[in-house]
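Engineer: Single-letter residue listing:
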Amino acid sequence: MPPMDAAALLQVLFGGLGTGAIYGLVGLGFSLIYRATGAVNFAQGEWVMLAGMATAAGHMAGFATGLAGAASLLLVVAVGVASYLLAVQRLRDASPLLITMVSIGIAIFTKGAIMVTLGKNPTGYPGPLGDAVLRIAGAAIPAQSLIVLAACAGFIFALQVFFARSRTGLALRAAAADRDAAALVGVPVQRMVMLSFGLAAAAGAVAGLVITPLTLIDYNQGTMLGFKGFSAAMLGGMGHPLGAVAGGLLLGTLEGLAGYAISSRFKEAVAFLLLLAVLFLRPSGLFGKRKAERV
Amino acid sequence: MLEVRGLTAGYGSATVLRGVDLAVPRGGCVCLLGANGAGKTTTMRALSGLLRVRAGRVLVEGRDITDLPPEARLEAGLAMVPEGRRVFAPLTVAENLAIGAYRADPAAARRAREHVLALFPRLAERLSQEAGTLSGGEQQMLAIGRALMGGPRILLLDEPSMGLAPMVVRDIFRTIAALNAEGLTILLAEQNARLALRVAQQGAVLAEGTVAVRGTSAELAADEAVREAYLGV
Numbered sequence: 001m002p003p004m005d006a007a008a009l010l011q012v013l014f015g016g017l018g019t020g021a022i023y024g025l026v027g028l029g030f031s032l033i034y035r036a037t038g039a040v041n042f043a044q045g046e047w048v049m050l051a052g053m054a055t056a057a058g059h060m061a062g063f064a065t066g067l068a069g070a071a072s073l074l075l076v077v078a079v080g081v082a083s084y085l086l087a088v089q090r091l092r093d094a095s096p097l098l099i100t101m102v103s104i105g106i107a108i109f110t111k112g113a114i115m116v117t118l119g120k121n122p123t124g125y126p127g128p129l130g131d132a133v134l135r136i137a138g139a140a141i142p143a144q145s146l147i148v149l150a151a152c153a154g155f156i157f158a159l160q161v162f163f164a165r166s167r168t169g170l171a172l173r174a175a176a177a178d179r180d181a182a183a184l185v186g187v188p189v190q191r192m193v194m195l196s197f198g199l200a201a202a203a204g205a206v207a208g209l210v211i212t213p214l215t216l217i218d219y220n221q222g223t224m225l226g227f228k229g230f231s232a233a234m235l236g237g238m239g240h241p242l243g244a245v246a247g248g249l250l251l252g253t254l255e256g257l258a259g260y261a262i263s264s265r266f267k268e269a270v271a272f273l274l275l276l277a278v279l280f281l282r283p284s285g286l287f288g289k290r291k292a293e294r295v
Numbered sequence: 296m297l298e299v300r301g302l303t304a305g306y307g308s309a310t311v312l313r314g315v316d317l318a319v320p321r322g323g324c325v326c327l328l329g330a331n332g333a334g335k336t337t338t339m340r341a342l343s344g345l346l347r348v349r350a351g352r353v354l355v356e357g358r359d360i361t362d363l364p365p366e367a368r369l370e371a372g373l374a375m376v377p378e379g380r381r382v383f384a385p386l387t388v389a390e391n392l393a394i395g396a397y398r399a400d401p402a403a404a405r406r407a408r409e410h411v412l413a414l415f416p417r418l419a420e421r422l423s424q425e426a427g428t429l430s431g432g433e434q435q436m437l438a439i440g441r442a443l444m445g446g447p448r449i450l451l452l453d454e455p456s457m458g459l460a461p462m463v464v465r466d467i468f469r470t471i472a473a474l475n476a477e478g479l480t481i482l483l484a485e486q487n488a489r490l491a492l493r494v495a496q497q498g499a500v501l502a503e504g505t506v507a508v509r510g511t512s513a514e515l516a517a518d519e520a521v522r523e524a525y526l527g528v
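Just so you know, the protein sequences line up as chains A and B, in that order. The first sequence begins at 1 in my numbering and counts up one residue at a time. The second sequence begins at 296 in my numbering and counts up one residue at a time.
Read the hints as simulated data drawn from the structure, not as lab findings. Check the hints yourself; a few may be wrong.
If we take Cβ atoms under 8 angstroms as the criterion, some of the chain B residues that face chain A in the derived model are [unchecked claim]:
hint	residue
1	369
2	381
3	383
4	384
5	395
6	445
7	508
Stretch by stretch, here's where chain B covers chain A in the computed footprint (C-beta under 8 angstroms, at least three residues) [said to hold, decoys possible]:
hint	region
8	182-195
9	216-223
Just so it is clear, CB atoms sit at the ideal spot from N, CA and C, and this is done for glycine as well.
Looking at chain A on its own, in the form it has when it is part of the complex (with noise of 0.2 angstroms):
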């Protein structure tokens, strides 16, 4: 183990609060779909992925970089708005076990697509600050971390705003807490999931579009960020999006912290040794409500 020191720790916890940020958003989209339909998407990480691929091929191919995000976002959501017709309603009446089963599908169709599409080859682009670095008391933080964290925080406080204030932000809440009842007020139930599944699709690719400059992204990634999504997502309480940005955080600030305190190679088992842990002691989530009996 290496010596504690101040400006290092300072730039793990950094670090793993920007991929903490990252998986909570992932956990997000989880959240969002589960709630909506109780299944389990598993093309999650898969838009993740597809947000910077899109982007970075926009990139190469000339365009602003700015303008290509832009557009990769809107084609993700398209795609997250393709795959609610498809697994949910073609299937009508589907169970959440089938629509995560279809979930799957739509998952390694993604990757596939993209291995043949854009190739095999990490690739990326500059974020909007380049290559900065900060020196924050002798840590020094890429200025890209902070986009991260910022994109982040807006992204969840937009969301938050949307649910509490607006009427159709409103009927979501209610038909993802009782599509019957919902129904009976006039609620298009329906209508809801599909803007679960656009908005689930829309916290992936702004989780892909500002950690790519960072790390850099390939075909395959989307599969990884998609379980340290879930993970997140169950820590936090499945169905409870909060939950899952907060379990996101705690995530990815253990593994940095175990990353550098025990071993890199032993950050990712981290992931599933709290998941295992979580599921032991507590497994409606750190913040999950158990659900109250009706009579």
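Given the coordinates of chain A, work out where chain B should sit on it, guided by the hints.
Structural biologist: Below, chain B without anything else, positioned relative to chain A:
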């Protein structure tokens, strides 16, 4: 006002309703009685549009709504308070009421809100509380209030007494009678026949998926078979 002809419905291969006929006159209150599993809830679900009808017709003011989804039935003036209350537990009382007016225009929603809060002052005290933390009686008030927010002309109530203490049930039924007196047309499915017959002017008894007995509340309360089977005397 509400007319049901030959309603047939069920789940999967099970047919629950085999030709139910009902009529609720404008401003009237009709109760639907019957043992557990006789098809009361299935009837209510079919009338509200949650369950697809296999055969038969449902008419509101002469208009055929049989094939309409729940949201279109609201526009025809039909609202339902589902069995087991089904309030949106993570939403606040105020939000539950607001979503009840999802399809109403803002001015009508404001008026409906005032009406509901006057009807249930308890809800006014708990506007910012999560609905899941309310007592059963308060949840029932909220479920009724939510249905009233859309300004219905016909209210379907499915087992409003379910799981509630007798005192609370009496309050709820007093409110149902008051709503009916204001001119709201009501169809009330209820296990508690004694209370239901007191509020309703007419009743129908479901057995084996069809209406076995029907009549005025006084006739049903006096009917030997009904007394024995549903009033426990």
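Engineer: For this structure, which hints from the list above don't hold up?
Structural biologist: When the structure is compared with the hints, numbers 7 and 9 turn out to be violated.
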